[in-house]
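Whole structure, please, built from the sequences with the hints as guidance.
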Amino acid sequence: MPRFGAGGISSGLNHKPVMNGVQRWENGALKNGMMSEEKVHNGGLYKRPFNEAFEETPMLVAVLTYMGYGILTLFGYLRDFLRTWKIEKCHIATERVEQKDFVPLYQDFENFYTRNLYMRIRDNWNRPVCSVPGERIDVMERFTDDYNWTFKFTGRVIKGVINMGSYNYLGFAQNTGFCADASAKSLNQYGAGMCSTRQEIGNMEKHEELEHLVARFLGVEAAMTYGMGFATNSMNIPALVGKGCLILSDELNHSSLVLGARLSGATIRIFKHNNMQSLEKLLRDAIVQGQPRTHRPWKKILIVVEGIYSMEGSIVRLPEVIALKKKYKAYLYLDEAHSIGALGPNGRGVVDYFGLDPRDVDIMMGTFTKSFGSAGGYIGGSKVLIEYLRAHSHSAAYATSMSLPVVQQIISSMKCIMGEDGTTLGQKRVEQLAENTRYFRRRLTEMGFIIYGNSDSPVVPLMLYMPAKIGAFGREMLKRNIGVVVVGFPATPIIESRARFCVSAAHTKEMLDAALREINEVGDLLQLKYSRHHFVPLLDRPFDETTYEETED
Amino acid sequence: MDVKHIKDYLSWLYYQYLLITCSYVLEPWEQSIFNTLLLTIIAMVIYSSYIFIPIHVRLAVEFFSGIFGGQHESTVALMS
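So the sequences go chain by chain: A and B. As numbered in UniProt numbering, residues 1 to 553 make up the first sequence, in order. As numbered in UniProt numbering, residues 1 to 80 make up the second sequence, in order.
Keep in mind the hints are simulated off the structure, nothing from the lab. All figures in this text were calculated on a predicted structure; none of them were measured in a lab. All C-beta atoms, glycine included, are put in the ideal place defined by N, C-alpha and C. One should not assume that every hint holds.
Label-pair ranges, simulated between beta-carbon atoms [what the hints assert, rightly or not]:
1) B:Val61 - A:Lys479: 53 to 61 angstroms
2) A:Asp421 - B:Gln16: 49 to 57 angstroms
3) B:Gln16 - A:Thr176: 42 to 50 angstroms
4) A:Asp181 - B:Gln16: 46 to 54 angstroms
5) B:Ile46 - A:Gln99: 52 to 60 angstroms
If you want it as structure tokens, here you go:
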């Protein structure tokens, strides 16, 4: 019985970088054969090496991180005490005295984290940018004289900050070039707003053109587009499933999927991140047990996964998910928000990356917000599905239709990726992104940082762990003219704070080198090089002993 | 030159201390409270260990020598 290991096909493992005297396999398994099992051929499901590793948090770092949060929490209580006793001025919203016995409007304790921890390093977020969010951005300088409660502009602009944070994977966030020209032309022709929904007067020829193009791009029968990526998820899942249905959702799914699943009223069960044993166990239990109490069979079972997980940088094990879905006759909802355009030899997302048939995925969802440098989302699938959604989805019936300059930007960039504009520019960008990703990830790993995720994923999380380092990293990087995104709780588990880089095809090698040099310097300054090259492939994370058998069909 | 090196090293060490204890994000008055508390605790630990450890060590030595040492061969022989 072939086991689905985490390691991938062994042909891709000849590359052995040597650092600090520790020889290490590229897939993260230690050389001493401790995890040699992981190099088992994955039952022929994978056509390419699948190198995904999550290094364990060092024990000392975990202890110090908890200690840091402990200290901050104690000081938070002290400050809250001073605020309630009016010893210090209270900047936050409080209940009015006249409404003292009413149901409280401002939950006191729920905002404890925001008030006492987030507020101290708030200057790292919401920085106003005053240029096109391309590979370099201009940031407005601001300062605070009351410890981040208010900000004032100095009037100066920090120019030419290297942007390592935007989801501009293919570099289509531009204010010049053919996409911008086409959008400007479209603006002249149609104006900006549609002032109606798709079902009424807002259905334009460009929308139809876009939907046909998206369907062709994805290789599905039909597609439907929406004006907002988040709403695509949160409004369409309720249209697809309802009471008596079961949603199997990855634990790290995006908030929009979580919201959609909750709105649908279906039962939700969570499986461990990218863990196929966990998913299979849930599927099997769902089929054997049926609905709780009545034991009627579930009406529908919908598996919800993402292509690239935006906080972990991991890629879904799609071949295995599809095998499971076929074996247990479930439906599959694939959110390609980050992966569309950014993965695969032709830039067509995670399905293209694994060389699978798009028809095996029942619902292909994605956004235009990232790789295409525009806004909105789409759903692709069979004609029946799309016709159904057109009639039933809230975001089809109630949302205003997409602005046409935005639509034009998507059409131009998508045609460019497909090579239909007669150039190889799009293809080059896709290849450039893959190259940049590998280079950036390899260099960061060599420097000794803990980097999460798949070696092909353009989302690169660099682990910071300690709360003070979140603030320090963002500030030190901006000081060195690099714009980064730092992430902490609640977007990540409390001890796994991280900085998240998004590699773009627009980054030149010089820019990446400059960024890497500064990251290296800041890494030394802040002591961020935690890696001991001891990797735990995801499947080795403790979980119960259910085995995974290969499908018969 | 060497003095400068040591000074740099000390300031780097202080920076690491700030980061690990999260004093980096505290306001100056909070920082001084935190440092004062930490110093007090450390000073008390050192002082009390200076006072009490020698006494305890001496008592322990006396106790154990009472069990294992101080017995003459003749008494052992008498017992058996």
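Structure-based check of all given hints:
Between Val61 of chain B and Lys479 of chain A the beta carbon distance is about 58 angstroms. The supplied range of 53 to 61 angstroms therefore holds. The given range of 49 to 57 angstroms is respected by Asp421 of chain A and Gln16 of chain B, whose C-beta atoms sit roughly 53 angstroms from each other. The beta-carbon spacing between Gln16 of chain B and Thr176 of chain A, approximately 45 angstroms, falls within the hinted interval of 42 to 50 angstroms. Here the CB-CB span from Asp181 of chain A to Gln16 of chain B is close to 52 angstroms, well matched to the stated 46 to 54 angstroms.
Between Ile46 of chain B and Gln99 of chain A the C-beta distance comes to about 53 angstroms, which sits within the given range of 52 to 60 angstroms.
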